[in-house]
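Please work from the sequences and hints to get the whole structure.
Note that our numbering gives residue 507 to position 244 of the sequence shown, counting from 1, and the numbers run on in steps of one.
Hints are supplied without guarantee of correctness; some may be wrong.
Subject to a maximum C-alpha distance of 25 Å in a straight line, what follows is the list of computed SDA-like cross-link-like pairs (lysine to any residue) [what the hints assert, rightly or not]: (1) Lys585 - Asp572; (2) Lys442 - Ala326; (3) Lys585 - Glu489; (4) Lys548 - Ala467.
Ranges of calculated distance between the beta carbons of each label pair, as one might list FRET restraints [unchecked claim]: (5) Leu438 - Val590: 39 to 47 Å; (6) Ser481 - Glu412: 47 to 55 Å; (7) Glu407 - Asn586: 45 to 53 Å; (8) Asp377 - Ser481: 17 to 25 Å.
In case anyone wonders, no lab produced these hints; they're calculated from the structure. Since the structure is predicted, the reported quantities are computational estimates derived from the model, not experimental observations. Beta carbons are placed, not taken as given, at the ideal position from N, Cα and C, and that holds for glycine.
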Amino acid sequence: MSLILTLSELDGDTLARSSRETLTFARSLADAHGWDLHAVAVGEIPDTAMADLRAQGVAVAHALLHDQLDGDAAPAAIAAAINELHDRLGAGALVGSGTDHAAEVMAHVAARTDLPLASNCTEVAPADGGWDLTRVRWGGVLLEDVHLEADVALLTAAPHQTAAADAVSPGAAELHSFKPELDESLHITRVVERASRGGGISLATAPVVISGGRGVGSAEGFGILEELAELLGGAVGCSRVATNNGWRSHNDQVGQTGTRVAPDLYVACGISGATQHWVGCMSAKKILAINTDPEAPMVTRAHYAVIGDLHELLPALVTEVKNRRGVG
264 MSLILTLSEL DGDTLARSSR ETLTFARSLA DAHGWDLHAV AVGEIPDTAM
314 ADLRAQGVAV AHALLHDQLD GDAAPAAIAA AINELHDRLG AGALVGSGTD
364 HAAEVMAHVA ARTDLPLASN CTEVAPADGG WDLTRVRWGG VLLEDVHLEA
414 DVALLTAAPH QTAAADAVSP GAAELHSFKP ELDESLHITR VVERASRGGG
464 ISLATAPVVI SGGRGVGSAE GFGILEELAE LLGGAVGCSR VATNNGWRSH
514 NDQVGQTGTR VAPDLYVACG ISGATQHWVG CMSAKKILAI NTDPEAPMVT
564 RAHYAVIGDL HELLPALVTE VKNRRGVG
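Structure (structure tokens):
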């Protein structure tokens, strides 16, 4: 077992942030034991993504080419292709990111290989004929140390737990095309149409997230949050209360049952900070809480807090940002 095979996802022409994190996670194991790091992606791999793979220290990049395969569809078919590639390579570990799509593909891989799948891992090391793991449980509030008994480690890396970092020495990232033999019956799930929510930055990848909760008071109250987010080049999120009240779409919900974010700055406006929501935003580099309650969990956990009425504070903040930027 001399290589690690990592499922890499693309974001346009570049490597997705989650996949850069996953490759950094997998590389720590590869470097420690002198194993080669391989990456596998669905479809043609653009030059910019290849550059990202080289920066991550990838020795070989495998492009899965088949008319049944799509980057974010046909998880059963993608898993079958990965399993076929693994049979040829004999990887000692198969690693995917903890995104919804990659986790679904890895679950199909587990079913096909009859291997146990350890999800949301933060650390891994060979030990006693198996693998010692640390993984995130209970929505991120608990770290669990476990021993996995398996000849091949089948893992997903916990999102936002490993900071993406380039390798000390770039990899060759030799590009190999792989055309699997797939049965038509595997193409049972596929994208038939894509509908855009409109312009703007994705909540999952936004560098700044302005999020609102019960304290915003209404759907109309989110207008000032949207204005601030636009000024800061960010996206608007919300708590589950805002979703339940019909103020915002579930697509905007941050939390254990919504989107987990890791922006440079997370601004929680009128959000008490229940565990369900905290799990979704705790990976932010900096958290600013705006709340009238100084004892609210979000206030006590945040890096910074402003105690006051968001309906007074946010308009003043928007005005100050506009003044500093010379925006009318």
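To see whether the hints hold, each was checked on the structure:
{"no.": "1", "hint": "Lys585 - Asp572", "result": "holds (20 Å)"}
{"no.": "2", "hint": "Lys442 - Ala326", "result": "holds (8 Å)"}
{"no.": "3", "hint": "Lys585 - Glu489", "result": "holds (14 Å)"}
{"no.": "4", "hint": "Lys548 - Ala467", "result": "holds (14 Å)"}
{"no.": "5", "hint": "Leu438 - Val590: 39 to 47 Å", "result": "holds (45 Å)"}
{"no.": "6", "hint": "Ser481 - Glu412: 47 to 55 Å", "result": "holds (54 Å)"}
{"no.": "7", "hint": "Glu407 - Asn586: 45 to 53 Å", "result": "holds (49 Å)"}
{"no.": "8", "hint": "Asp377 - Ser481: 17 to 25 Å", "result": "violated (52 Å)"}
Comparing the model with each earlier hint shows a violation of hint 8 alone; every other hint is respected.
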